[in-house]
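Colleague: Single-letter residue listing:
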Amino acid sequence: MSARSISLPRAASPLHDRPTFRRLDLVDPYLLIATLLLMAYGLVTTYSTSYEDVAAGDPVQFILRGAIFTFLGIVTMVAVAYFDYAWFGTFAPLLYLATLGLLVLVLVIGHNVLGGQRWITIAGQKFQVSEFAKVLMIVVLAKYFADRHDKIGSPLVLAGALVLLGPAFALVYRQPDLGTSLVFVVIFFGMAYLAGARPWQLASLVAIGLGAFPLIWGLLQGYQKSRLTAFLNPYADPQGAGWNIIQSLIAIGSGQATGKGLTAGTQSPLGYLPIAESDFVFAGLAEDLGFLGAVILFALYVVLLVATLRIGFRSRDPFGTFIAAGVFSMLAFQLVVNVGMAMSLMPVTGIPLPFISHGGSSLLSVCMALGILQSVSMRRDASRLRS
Amino acid sequence: MTADQPRAFIRPYRFVAVGIVVALLIGVLTVRLWDLQVVQGPHYRSLAEDNRLLRLPVAADRGIIVDRSGKILVRNIPGFAVSVVPVDLPKAREAEVALGLAQLIGRDPSEVLKAITEQRARNPYEPAKISTKPISRDIALLLAERAELYPGVRIDAESVREYVEGPLYSPIIGYTGPITQDELSAKQDLGYLPTDQIGRTGLEWEYEQYLRGQYGWREIERDASQREVKTLAQTPSQPGGNVVLTIDDRLQHLLANELNAGVTSDAFTQAVAIAMNPQTGEILAMVSTPAYDNNMFVRGITQTELDALNKDDRHPLVNKAVGEIYPPGSTFKMVTALSALTAGTATRNTVVNVSSSSITVSGTSFFDWRVHGPLNLVDGYAHSSDIYFYTLAGGSPMSSSVQGVGPDNIAKYGRMLGFGAPTGIDLPGEAAGIMPDPAWKQATFDEPWSIGNTYQEAIGQGYVAVTPLQLLNAYASVANGGTLYVPHLLKEVDDAQGNAIMTKQPEVLRKLAMSPDDLRTLREGARKVVTSNHAPMPNAKLWIAGKTGTAEFGLSSGKDSAGRNKLGFHNWFVSFLPQHDNTDPTAQIAMVVFTFDSSRGLCETCLNPAIAISQRVYEAYVLGDPATKARLTPP
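Protein chains in written order, with this note's numbering: chain A, 1 to 387; chain B, 1 to 635.
Quick caveat, the hints were computed from the structure, so don't treat them as lab data. Any given hint could turn out to be false.
[As the list claims (entries may be wrong)] Among chain B residues calculated to face chain A with C-beta under 7 Å, some are:
hint	residue
1	F9
2	F15
3	L36
4	V38
5	Q40
6	L47
7	A48
8	R146
9	A147
[Unchecked claim] Below 27 Å or equal to it, Euclidean Cα-Cα: the simulated DSSO-like pairs (lysine-lysine) are:
hint	chain 1	residue 1	chain 2	residue 2
10	B	K187	B	K114
11	A	K260	B	K230
12	A	K225	B	K504
13	B	K133	B	K91
14	B	K541	B	K629
15	B	K504	B	K311
It should be emphasised that the depicted structure is a prediction, and the values quoted were computed from it without experimental measurement. Every residue gets a Cβ at the ideal spot worked out from N, C-alpha and C, and that includes glycine.
Taking the hints into account, I'd like the entire structure generated from these sequences.
Modeller: Okay, here's the thing in structure tokens:
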């Protein structure tokens, strides 16, 4: 692998034969509709679960915040889609350095919330840098794999990707944010697989990971261990490590088939459901809107994920395809893990549910990712139309 | 890259594969969701309800206790109680919280910890009351405001018993205390809670069912930190009934003042006085001294205080009017007389010539207090001649014409008059007393009855032992013409609005199978006790009839717990006041005064202090209030 292949951008030569506004017919409608519906669903959930929130005070504040960030998210998405995503490829090295810089910065000046140093304040707003780092990492890895897609079978390519991933993973893990660092790992595997990496190589990496598991386990903090194992039997310590999971199960189960109705749930507003606005937001949704509401959420996600895969499948170049692969891996993993942990199927790792969890950073970063996807979609004909 | 170039970077199978994997995962989530929400939904719904809903008892104010005219004897004042709900207190912080609480409320930390752990084992969702006494407002506020330092700790307003007169009424009213585990299991159906106070003794115990009231319930919604969010439903509590006593507070004070003055002036060391209406059995006053301050039990009695009360040989915790038995002395001559009259071995004209101050039977001498000369029954009773009553009971070599009525008859009529069995008064801890007969002696001591036993019994010494109330009740039945009532302290129970929900009716224990004439003879004799100056009442303004008694028992050496000399002479005066100065059975008031252990010289006990006390109290009570005078001695 030459140094050039990593450091120098491909010639920034996206050739447009027509301006962006004339490409609106190439916007992916399924992705757009699913995105907007999920945003709306997120607002409904925010309204429903924070209503009469005794602990947090003014519920209007949450809804207003949610609406503002939804609006900003749409703006971000449109703005990002407007530009040819190839520019991201051009500036991939810079983006990578910026990512690492931000992650270092957050460790130095970040706010400490719930035992994790994850936030920095910009213009009075707190931002969770690792959320943006995930998207930026997808772009960087996509660019890396795209430049080497013809020799993707080489273990060196895979190793190079790991070298790229390593510092970001370590910095996020150091915060500590175990959940998000796992998202990085999954993004890596998802992209590598869809980019065509040899399955045996990936399997070897998994095997090495499993082999190193006792070592990694030893490095974990006590609270992380108890959180990770509590789902196996939450009733072993119902007042302690199991409390969150039990309350989450109660919230979900008590929603029954059609839910208690908007704002009618009790587990979330009364504070039984911990971190009800983020990690366990699904439980609040399932309590108020029931099985029906949860299945509607799943359906919207299925549309979103299929549309994402389709954009990748129809991309004009490997860069777009691999971006789609990364976004797909990220969204699918976050959905499955967030919902799975709420239902005590997986360890509690503190991963937000995109669109539904409160929080501007999560929403803006996802909008950024989806904007890039739309950009990929809108320019899938670039090569064909180029004269 | 050109348009013609094959899109080698797309790997369709892999796209399909990840799609299938994610679809499967979402499928698993959906199945799990179905299981949780649809299959187990009802179960989790009820868990969610249990989480947020709490059914809280709403305490009912305990009823107050008033005297017959409505004067408040027991009331409730506001206080605060501290409880711990173990499920809300993490085990790891148990010891730390227990220590903090113990320091604030002044208890031993290990006791507090024990109360919490025991409640945790019993039912961690129910509060365990930690404070044994009302806590101050400052501490209550501190605990409530620093809830994060004291997880699971609850402050409840509670009403606290106040015994307005303390020791004056403690022997009859008693006190309340925390319910025990045994009582709780026995009374669970009645709605008692582990934190309840329950009547421990006295009227608080006796009328618990009326006084306690009924819990109301409040269903609240609470948040995860156990703060109340809102009330969802409630049923109000029903305050307990107010107990109206037959006690007349004025008479109670008159008697108590006399008895306390007697103790203060060393005339005696302990005393009992009871007054009742002989026509109904209503107790008008009941004083037992020394007593205790029942407010000590409300504010939390210390072990030292409790030990001191328990070790006191004057038995301050016992209501001596009903709970202790004493030889009745000469007051018992009424029983001997009525036995002889009813059995037919004597009439009012039976004469015994008491020509000597002693008689000797089987080599043993039995004494009288003087040489009386010839006495009929009325005079023998009025002058309290011991030899007259020896003869009436067991015959005598000096009066061979008089046949003794015998111990079996005395026991028979003694029991008819209520001796040897509790009167059934509405108080706990009543003693039965001893009404001996030959069979009793054989069974108890494995010895045959002797003539000496008969003689001693005839004058109220020896084995016979009575409670002051039994003695009064027997005299009351003579005073009212032959009806033995069940004495009672309860007049009625009123609801919070003052309407009587229960009124106590006079309860006849039995009609005496004795002739009205014989009972009149005894009333005549009792009046003559006073008029003959045997019980001197100088400047008497009322026609009091009664009988003196001096009993000898107990030690005449050493000191009691109060440091006073013991002298085993105890005086009785049991009396009644007819409505007019005649022998008709009209008395509306009867009274017994019993003074225990003179601590002065023996000769001074010749003057029975109970007589003067009785006279002063009758006169003050009857003449001190026109309405009382009109009722007890109508013109």
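Colleague: For every hint, state whether the structure bears it out.
Modeller: Results for each hint:
no.: 1; hint: F9; verdict: holds, 4 Å
no.: 2; hint: F15; verdict: holds, 6 Å
no.: 3; hint: L36; verdict: holds, 4 Å
no.: 4; hint: V38; verdict: holds, 5 Å
no.: 5; hint: Q40; verdict: holds, 5 Å
no.: 6; hint: L47; verdict: holds, 5 Å
no.: 7; hint: A48; verdict: holds, 4 Å
no.: 8; hint: R146; verdict: violated, 18 Å
no.: 9; hint: A147; verdict: violated, 14 Å
no.: 10; hint: K187(B) / K114(B); verdict: holds, 24 Å
no.: 11; hint: K260(A) / K230(B); verdict: holds, 19 Å
no.: 12; hint: K225(A) / K504(B); verdict: violated, 71 Å
no.: 13; hint: K133(B) / K91(B); verdict: holds, 25 Å
no.: 14; hint: K541(B) / K629(B); verdict: holds, 12 Å
no.: 15; hint: K504(B) / K311(B); verdict: violated, 37 Å
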